[in-house]
Every structure is written in C-alpha cells, then in structure tokens.
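Peer 1: Going down the list, the sequences are from chains A and B. Per our numbering, numbering of the first sequence is gapless, rising by one per residue and ending at 105. Per our numbering, numbering of the second sequence is gapless, rising by one per residue and ending at 503.
For the record, the hints were derived by calculation from the structure and aren't laboratory data. Cβ coordinates follow ideal geometry from the N, Cα and C atoms, glycine included. Some hints here could point you the wrong way.
[Claimed, not checked] If the Cβ cut is set under 10 Å, some of the chain A residues that face chain B in the computed set are:
{"no.": "1", "residue": "Gly-25"}
{"no.": "2", "residue": "Arg-44"}
{"no.": "3", "residue": "Leu-69"}
[Unchecked claim] For each label pair, taking beta carbons as the anchor points, the in silico distance ranges come out as:
{"no.": "4", "chain 1": "A", "residue 1": "Val-53", "chain 2": "B", "residue 2": "Trp-475", "range": "53 to 59 Å"}
{"no.": "5", "chain 1": "A", "residue 1": "Thr-76", "chain 2": "B", "residue 2": "Pro-486", "range": "52 to 58 Å"}
{"no.": "6", "chain 1": "B", "residue 1": "Phe-492", "chain 2": "A", "residue 2": "Thr-76", "range": "20 to 26 Å"}
{"no.": "7", "chain 1": "B", "residue 1": "Leu-471", "chain 2": "A", "residue 2": "Val-53", "range": "53 to 59 Å"}
{"no.": "8", "chain 1": "A", "residue 1": "Leu-69", "chain 2": "B", "residue 2": "Leu-10", "range": "14 to 20 Å"}
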Amino acid sequence: MAIEPKLSHTAAMILQTIHAGQIYGFSVMEATGLPSGTVYPAMRRLERDGLIVSKWEQQSIADAEQRPLRKYYKLTRTGVATLEVMHKRYPLLEKLIPSREVKNA
Amino acid sequence: MKLSLLLHSLPVSLFILRCAALLAPGRERAEWLAEWRAELWHVRDSCHARSCFHGNEAVTAFCLGAFQDAFWLRWNNPRTMPRHVCRIGSPSRCALSLAAWTAASLLICLCLPGARRAILPSPYPHADDLVMISRGGYSGAQSPTIRLQDYQSWKTSAQHLFTGVAFYQPIRKRVHIARNQFAELSIGRASDNLFELLNLPVPTEDRSNREYTARLILSQAAWRSLWGGDPRIVGHVVRVAGQRALIVGVVSQSSWQLPGHMDAWMLEDEQHLDALSSSSRGFVLAHTRTSGSMAQLDGWRYMTVRREDGANDHFDCISLAQRAQLPSSIFLFTLILAFLSLPATTPLPLGEYPRHSGRLPRATSARRWIFLSLKFSLVVLLVHFTSLDVAYGVQAVSFTTAQCIQLAISFFGFLFAFRWILQDQRRRCPVCLRLLSNPARVGQASQNFLAWNGTELICAGGHGLLHIPELPTSWFSTQRWLYLDPSWSGLFSDVYIAPAGLV
Numbered sequence: 001m002a003i004e005p006k007l008s009h010t011a012a013m014i015l016q017t018i019h020a021g022q023i024y025g026f027s028v029m030e031a032t033g034l035p036s037g038t039v040y041p042a043m044r045r046l047e048r049d050g051l052i053v054s055k056w057e058q059q060s061i062a063d064a065e066q067r068p069l070r071k072y073y074k075l076t077r078t079g080v081a082t083l084e085v086m087h088k089r090y091p092l093l094e095k096l097i098p099s100r101e102v103k104n105a
Numbered sequence: 001m002k003l004s005l006l007l008h009s010l011p012v013s014l015f016i017l018r019c020a021a022l023l024a025p026g027r028e029r030a031e032w033l034a035e036w037r038a039e040l041w042h043v044r045d046s047c048h049a050r051s052c053f054h055g056n057e058a059v060t061a062f063c064l065g066a067f068q069d070a071f072w073l074r075w076n077n078p079r080t081m082p083r084h085v086c087r088i089g090s091p092s093r094c095a096l097s098l099a100a101w102t103a104a105s106l107l108i109c110l111c112l113p114g115a116r117r118a119i120l121p122s123p124y125p126h127a128d129d130l131v132m133i134s135r136g137g138y139s140g141a142q143s144p145t146i147r148l149q150d151y152q153s154w155k156t157s158a159q160h161l162f163t164g165v166a167f168y169q170p171i172r173k174r175v176h177i178a179r180n181q182f183a184e185l186s187i188g189r190a191s192d193n194l195f196e197l198l199n200l201p202v203p204t205e206d207r208s209n210r211e212y213t214a215r216l217i218l219s220q221a222a223w224r225s226l227w228g229g230d231p232r233i234v235g236h237v238v239r240v241a242g243q244r245a246l247i248v249g250v251v252s253q254s255s256w257q258l259p260g261h262m263d264a265w266m267l268e269d270e271q272h273l274d275a276l277s278s279s280s281r282g283f284v285l286a287h288t289r290t291s292g293s294m295a296q297l298d299g300w301r302y303m304t305v306r307r308e309d310g311a312n313d314h315f316d317c318i319s320l321a322q323r324a325q326l327p328s329s330i331f332l333f334t335l336i337l338a339f340l341s342l343p344a345t346t347p348l349p350l351g352e353y354p355r356h357s358g359r360l361p362r363a364t365s366a367r368r369w370i371f372l373s374l375k376f377s378l379v380v381l382l383v384h385f386t387s388l389d390v391a392y393g394v395q396a397v398s399f400t401t402a403q404c405i406q407l408a409i410s411f412f413g414f415l416f417a418f419r420w421i422l423q424d425q426r427r428r429c430p431v432c433l434r435l436l437s438n439p440a441r442v443g444q445a446s447q448n449f450l451a452w453n454g455t456e457l458i459c460a461g462g463h464g465l466l467h468i469p470e471l472p473t474s475w476f477s478t479q480r481w482l483y484l485d486p487s488w489s490g491l492f493s494d495v496y497i498a499p500a501g502l503v
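The whole structure should be built from the sequences, with the hints applied where relevant.
Peer 2: What follows is the structure, encoded as structure tokens:
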C-alpha cells in the first residue's frame, strides 16, 4: 500500500505554484498572495522532504541582466508524484493556479 | 514622512536581513543571506516598477519575514541545539529540567525570609562565642524560657563564664506613630547591651538628654510600612505604651536571626528592666569567655545552676554559629543516611554493558558518567532547597518542628530521588543517553529455565537493545545491553542521534 504524503494546503499550493512556473521565492509570493515568512520556510521544508530542489543560476546570466544571482526551485520526481496525489485531495488547486510551461532556469 | 522613508530605505532593509541572518545556522548563513538579498532586489524592483504607494512598507514586511525563515532553519538544523534539547527523553532535556527546578527552588528559598536565613551564613561576627541560653531541653523553643531573675543573677554571678549577658522579651505594644495614629507592633523589650553583644552597629546618642526612657530601633519593614521610609524619623520620640522612646536607627530584617519576629526593639536600661516582674520570661544571650569552664559536648554547652533549695536547674547554651549550621548539619546527615539506605530500596548496579573499547569513543563512555554525576548534583541541591523552603518557609512553626520537617523531607527526598536517578540511568542508551523506547515482551514465563523472558527496549538512534529479565536467574541476573553495529543504522530514521554513537 502506497504511503500518502501529508502536505498542508499551503504547502500543496506552493508546490503547485512552482510546478506552474513560478520558480523563485518572490514569484511564489506574488502568485499565492502568501507573506514571505510563510513561503520561504515552506519551501525549505519541501526541499528538505525531497519534493523540490534548488539551484543557483549561472553567474553570466545574472551579470548580463545586471542583477544579483538568483536561486531557482523545481519539482523533483517525488514532488510531481506528490502533487498528483494532492490534486485528488485538493481538487481546486489546479484551477486556482493553472499549470503552464516552466521557464528554464 | 521623512522618518517613514528612512525606515523603509534600502540600508534599513539590509540591516533587517543581517539581523535575521544571525538566527540562521552559521554554515548556511552566507548562502541564506545571498538568497534573501537577491530576492530583496527583485521585490524592490517590482515595487518601484509599479510605483505603488505602499511599496516601501511591502519591502519592509518582506524583510521581516526573513526572521521566520531563519528561525525555521535554526530550529530544524540537526547540528543546532533547540530541537535536540527539546526532544522527549534527551539527556539535555532531563538536565535542563532538573536545573530549572533547582533554580526555582533556590529562588523560592531566597524569597522566603525563614528559608533564606537557613542558607545564608550567620550575620553576627564572632557567632562562635555568642550563646543563646534556654532551659534544658527547650533549645529550639520559639517562646521565652528564662526568668528575668535568672538573667539578673547571671549578670553578677556568672562573670567567670560570660563577658556579657543580654536579655530580650517579645511583647506586643501600641505605638503612637503620629497625631491620632497608632499601630500595634511586635517589640523586643531588651537590655541596653543587646545589639552591642550581637556586634550589630547601632548609632549611639547623647545619653545626657533624659527626657526619654528608652531607645527604639526599627526594623526595615516597619520603617517602610509605618513611616514610609522617611530617613528623618531618626531622632524622633514616640510613645510605646505610654513610655517615651527615642528612635535611634533602623536595621535590616536579615540582621535578626533570633527567635521572635520583631517590628522594633526597645532598649531599656537595667533600672527599667528591674521594674518588670521577676517571674516574667525572656530570651538570654551571652558572650562566653574562651577559657570558660562550661561543660561542652559536640559543640553544645550545658550549664547547671544550684538553686537556694538545693535543686539544680539545667540550661542549654547553643552558640549562634551552631544554630546557624543546624540546617547544613541536617542536610549532610540525611544525605549520608539516604546513601546508606539506598541499597535497601533498589539494586545499585546499572546493568551489564559489554566492553566496546575498540569502537566506542572514550568521550562517549565518560559522557554517561558525567551525566549521572550531574543528575546527582542537581538532585541533591533540588531536594536540599525544597526541604528548606517547606521547613523554614512557614514562620508559624517552631525551630524544632522546622528541623524535624527538614529531616523528614531531606531523607525521603534524597532516597526517592536517588532511586529515580538509578532507574532513569538504567533506561538510557549508554551511547546517546536518550531514554529507550518501544518496550516489547520477549519469551514466555513458563520457559523461564530454558530461555530468558522479559522486556526488550530499543534505542531510537539504533545504538542497541536492552534486555531486562522478568525473573533474575543465575545466568541472567541483571539487565543486559546489546550493541548494534552500524549496519543496522539504515533501519533507524533518527539521523540526529546516530552521529553521537558508534563510529
């Protein structure tokens, strides 16, 4: 019997937001309307549980755009599988934050 | 408006992030700060692009969220303390709980005047030579036992034993504080030399002015409550039960450690004391001569006085130093007694732990014994302070009753606490010192002579198993510990404990 992952609605929403293409902290905040004090710890928890991974972008990209180096997040395989389970538990999740093509970091 | 702009400026935002970074674990701090600074850049950029009015406030709110993030990292970091300490059954939690209880009992001890007196040293200089004389067998009595006529006779007849003798008698009297204002106070009617004998500094006054008949010394509590702490009160004359008394000073409550709670002391000359009934009773203090010929046994002195009718009166003379040391003596006595009685209540061995010298670091083995010693130390202090709180915190009981209460609480407290310490130590993993969990029944009682049966406990960190026999037998008399090798570690998810143990 498969063990169903336990995620709060907020965590599931953040997971869905990252899957929808909002791949850094501030964009997740904007998409969900959640404050920074909720979003960043939740993302750390998701990363600790192996549902998302983070990666610093290349220095050359940041230099070209004259901005600081940024950290991007993306879903792991486990994260994708968990999100599918979450869609069953929270059916409105997909309608709330519709998926789209993920921009490559 | 300018202040608002300043508060929401970039330097302030960066300062907030740096402050929050202090909460983050050291190893991750630089990366964490870099991420937040990068995000801040984007937040500010977004707000400025929109030119929203509340943009600056949003930036500050964003920065304040960094504290929650940093705290989460700190709390969930396996290398940092808080989460590790707060785990149920962890040695840190046990030690911290004991330390907190000890600190609380010490605090209560310092707050209660009676208990505070019991732990602090005697405030009287040369307390070894100062004795409190009481009728034989009544040394701990809180009520006066010496007749005034005895005191008067010792002043002259016992000069070979004492260099000075003082008398005081607790009474309650109405004191005229101000116009139409009276208060009933507990007053120690005393001989003129009481405070000189105790070596307590009391201001002297011009005795040529004899419009008053007594000197009054106030306690700090009475001075504050009745005279509002007014320093000009010294030199005023008040009426104590119709008698004029000059206020000469104030002494702190901690200076008085003798029987009787006093709001004030009225020092009278011998003529006025002689006017009292010869059968009225009081307390008598004396300063002994070092070469005195008084009978002495274990620091206690006894005095026998032959009466005119040929009978003998026996008196106890306990030095004030001895009196102050009584709680400490009871503490030591009960501590030793509890250690001697302990084997009768619980077996002393902690169990069989196989030698593991090749793989178990020496520091890990030492940690176990340090933890045991720490528990003993904290528990001894906790029981001692608690016994003082209960015994001497209640002012209503006599000194003798208080000693009995201290004796009982100390002894039974030590006994049960030591028993608990040993039981607790036996239920802990020798490697990580956490309490063992998941008890499981093993074997059948009917097969006691064929195989062992009892309870098996497991360390959540995967360091080993503890086998406790149901019935001690010749081949399995006490609990046994079984170390698990690192190949078992995959079965245990307790990643925070594993590094502490087997290498």
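Peer 1: If a hint holds in the structure, say so; if it doesn't, say that too.
Peer 2: Hint check:
1. Gly-25: holds, 5 Å
2. Arg-44: holds, 6 Å
3. Leu-69: Since chain B brings a Cβ to about 6 Å from Leu-69(A), closer than 10 Å, the hint holds.
4. Val-53(A) to Trp-475(B): 53 to 59 Å: holds, 55 Å
5. Thr-76(A) to Pro-486(B): 52 to 58 Å: violated, 28 Å
6. Phe-492(B) to Thr-76(A): 20 to 26 Å: holds, 24 Å
7. Leu-471(B) to Val-53(A): 53 to 59 Å: holds, 56 Å
8. Leu-69(A) to Leu-10(B): 14 to 20 Å: holds, 18 Å
Checked against the numbered hints given earlier, the structure breaks only hint 5 and satisfies all the rest.
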